[in-house]
Amino acid sequence: MQKLNTTAVYVLSILGILCCCFWGIGFVLSIIAFVIATSELKKYAANPEEYSNGKAMKNARTLAIVAMVISGIVAAWTAYNAIMYSEAERLEQTIEWMEQFGAPQEAIDAMEAELDNLEE
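Just so you know, we're using this note's numbering here: the sequence shown kicks off at 1 and counts up by one.
Don't take each hint at face value.
What the hints assert, rightly or not - Label-pair ranges, simulated between beta-carbon atoms:
id : residue 1 : residue 2 : range
1  : E92       : N5        : 43 to 49 Å
2  : A110      : F22       : 18 to 24 Å
3  : C21       : D116      : 43 to 49 Å
No lab work stands behind these hints, which were simulated from the structure alone.
All of these numbers come straight from a predicted model, not from anything done at the bench.
Beta carbons are placed, not taken as given, at the ideal position from N, Cα and C, and that holds for glycine.
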């Protein structure tokens, strides 16, 4: 019996989840994982008796879908913020969050200096 290539799909899906905050990289990785999983499942559907890990590939495809959804939501949120708010507004909001969550004062001061430079 042959085995389907679940490792590549799992690796790409997990990397897709981990990279979801990096400007759509996670979304691209999860789409690649989904395409690979779909093509492997087509092979499995054609000859299920030849492959021993069809259920594992179905689980891997599910993980790819989850990664795609998470990465898509983060990418959409990032695009929304980039379109709706100016850089100064985003920096002000970041400073507020940093103060609220107890970030080191040096980091807050650096953000405020960047905001001052931006407003000049």
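Honestly, which of those hints from before does the structure not fit? 3
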